[in-house]
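Engineer: Those protein sequence lines, which keep their order, are chains V and D.
Numbering-wise, the numbering used here comes out as the position in the first sequence, counting from 1, plus 106.
Numbering-wise, the numbering used here comes out as the position in the second sequence, counting from 1, plus 1413.
Because the hints were derived from the structure by calculation, they are not lab data.
Model, not experiment: these values are computed from the prediction.
Treat each hint with caution, since some may be false.
Said to hold, decoys possible - Covered by chain V, according to a simulated footprint, are these stretches of chain D (three or more residues, beta-carbon under 8 Å):
(1) 1589-1597
(2) 1616-1627
(3) 1747-1761
(4) 1773-1780
Unchecked claim - Not close to chain D: a few residues of chain V, all C-beta gaps over 12 Å, as computed:
(5) Gly235
(6) Gly297
(7) Arg318
(8) Thr519
(9) Glu535
(10) Glu600
Note that beta-carbon positions come from the ideal geometry of N, C-alpha and C, so glycine has one too.
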Amino acid sequence: MADTDREDEELFTEPSGTQSQPASLSTEDVSANTNGPNQDALFDDDPEDLFAEATEEVSLDSPERDILLSDGPSPAITPITPPTSVIAPRIGHTHDDMFTHSSFDEIEEEEVDDSFDINISVSDPEKVGDGMNAYMAYKVTTKTSMSLFKQREFSVKRRFSDFLGLHSKLASKYLHVGYIVPPAPEKSIVGMTKVKVGKEDQSSNEFVEKRRSALERYLMRTVKHHILLKDPDVLQFLESSELPRAVSTQALSSAGLLRMVNKAADAVNKMTIKMNESDAWFEEKQQHFESLDVQLRKLHISVESLVCHRKELSVNTAQFAKSAAMLGNSEDHTALSRALSQLAEVEEKMDQLHQDQANADFYLFSELLGDYVRLLAAVKGVFDHRIKTWQKWQDSQILLQKKREAEAKLQFTNKSDKLQQAKDEIKDEIEEMEGRVQQDERDFEQISRTIRKEVGRFEKERVKDFKTSIIKYLESLVLTQQQLIKYWEAFLPEAKAIS
Amino acid sequence: MMMTEENEVESTLSVCGHNIQIAEVLKDGEMLSFLIVSQKLSGTGEYHVHRNYDDFEWLQHNLFCQEDVAGIQGVIFPPLPAKAQVNTAAKVMKQLGFLSLGEWQPYCKALEVFLQQVAAHSILSKNKAVEVFLTNPDSPGKQKVKKNIFNRLSQAVDGMRKEGHKDVDDFFQTARDHNLVLTNCTKTVTEKLLEVVQTEQKIAVACGHFSAALLLCVEPGDDPNKQAFSKVCVKLSEVFESMKKSTTGVSENDVSTMGLGLDLESRYQEAIKEMLFRRTCKLVELEHARRNAEKAKPVKKAAMEELRKAAETEFEDISRVAKEEITRFEAVRVKMLQQAMVQWCEKQLLTAKECADQFTQHLEVFRGMNFK
């Protein structure tokens, strides 16, 4: 699916400058209304510095956060204070660097107290507006007993671009530090245009349902992540009655994410990073995910073919039913005629069963597999980020080395007026570089730790996810068979009564 | 010992007609060979004979050629299925439809029904060829097929025109009109069911593929999450294997009961159509002969009168036989369709119950899966 940025429900233009930044990876232009990276810092002058925008991140519990939150033109943002009961204040660490991840470690350890109890449903799609400016509004209902939220049950209205905006913010904050942020559902020009134009046919209804389901799964996956759940943007998305419009967002849809990952991968390849992998775990995992990706795609194709045939069966069954009804009408023998009509009715009911089955095949498997293929792209993304983090660390080390060499050179030059000044300057620079190197090393270790945990979480979730879907599927299969049995049992006496 | 065409002596069949069986079918190169078993009427013993399609054709040809049996053209000849082109799957499907499926079992059943109907027919069973076919250890062999006297619809030059020729008898006009409608409806139903069956087969194949692909997702290692996922994949693979089996079962039931039944009904409607057409042709011939007799000059008058009388007698004989046949066949046909529908329903019911049990078992397995 071509991901042009005109695919959202409304056609909004975005600044042209954002698209052609080959060396700057990760998030494209991010709305100034988020508490994500500061806009100005996004596009550093240094094209090699892939992490330009990363340096301005602010930790959740730092005082800068409030300033950022109240920043921006829209008054609609409700500043959300972090739930202090969960996040232990760790203000001892430096504030100017990336998120203080150790605070996240604390969150995970305290997980046990606040049990995960939240259910989100997306429902009641409603068309708002007319023509090409129309959009679909969805009701997002949250039911929860967690203290994180103000109420136990509440609803808000959201549109597709809101979801994409949410994902964009989360991706910009968490992806590059190793968290697997669930990708947002795909954009679709064709699908939305039909809806806008007002075609009330089956295919546009199917499209809306497919999207509704995808949005629901997206939100559930996001809140299942204990870190993301507590993110102020997520809380705001779920609770706030009004959300500032993600105006200049090139929202990071799955396709966008994939593009970003590919760009990053290209950048990595261009730099020919040959990382000295000291940790075999990462190498093994990467290979493992690559082969899993291949398998899942195969499975996805297989299921799509199954769905297709099932729909075909439904059509054929309906036609068979019609022809049997016609035969019944032409039949003179009364009992035979009635039996044939009954047969036609049974077949019509079976047609409905086939359609239901096709839906089950689709929503429980096809979409599940599709979701996981997209999730794996996010997983791949964090692995690539780790490599880049490592590279940054290496670069800092090289730079430090250069400066030390420069200092050494200065020792042997003739004394001159400017010499002392130069020596002082370089001493300061070296000190700064040493700090940078240390930070970069810490970042690398942090992202490695985070990824390990995330992968563990992903693999655990995967099992639960599949098991849940499979159980639902089997339940639907059993139900179908039971209904079939009912239909056949009702038909049997009719057939026997013929002569 | 071969019977020649001149010897038209009537005989009674020495075997029981209604339980003739085709016990075995063997593929002999490009041809199929059938083992036909019939019970001796005299009490003990069976006849076992081997026949191929050419033998069936020989039999049918003999039945068609009984010129001196009064009203023979009014008989609804039990339809013989087409010859099976064994090695070309696409052609044979087009030609035989349902009979090409199910490992030749439906095809054998169709041949069986043919023989049973012939042997049970009051007129046809008297033909010596039937006895020879069923009891003679040697195959009747390939005999040059004499052009039979019956006008096949497809060969009739002015078939379309004659087909629409108005009848003199309400019974037959109704029968012809009704047959036309039924023939078309039955053909359509048969085609649609065949499409359903073909799609069911595609689904079974897709389930098989999915099942196999799942096994490729098994991940080696001690990691408990990996093991859990592998287990899920293996068990899900079993689920889809079950789905494949159940869909295959449903499809086989469709073929062996309703499919076969509709195919039989369809070919019988065609046989009735041909019989009615023969009679209509005879009617046209008769009306022609009457006009000739009327218009004939005194010289030819006597000869024309002879022809008219002969035509009238023939037409009356045919109509008489035809009426009996139609009435008899109506009962047979209703019974056949009922049997097909009941069997279909019972088999599908059984398959559905087995299926429900299997899926319930799988469901229990998954519900019982507890992962840390």
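Engineer: Of all the hints numbered above, which does this structure not satisfy? Sort the numbers upward.
Structural biologist: Violated: hint 10 alone.
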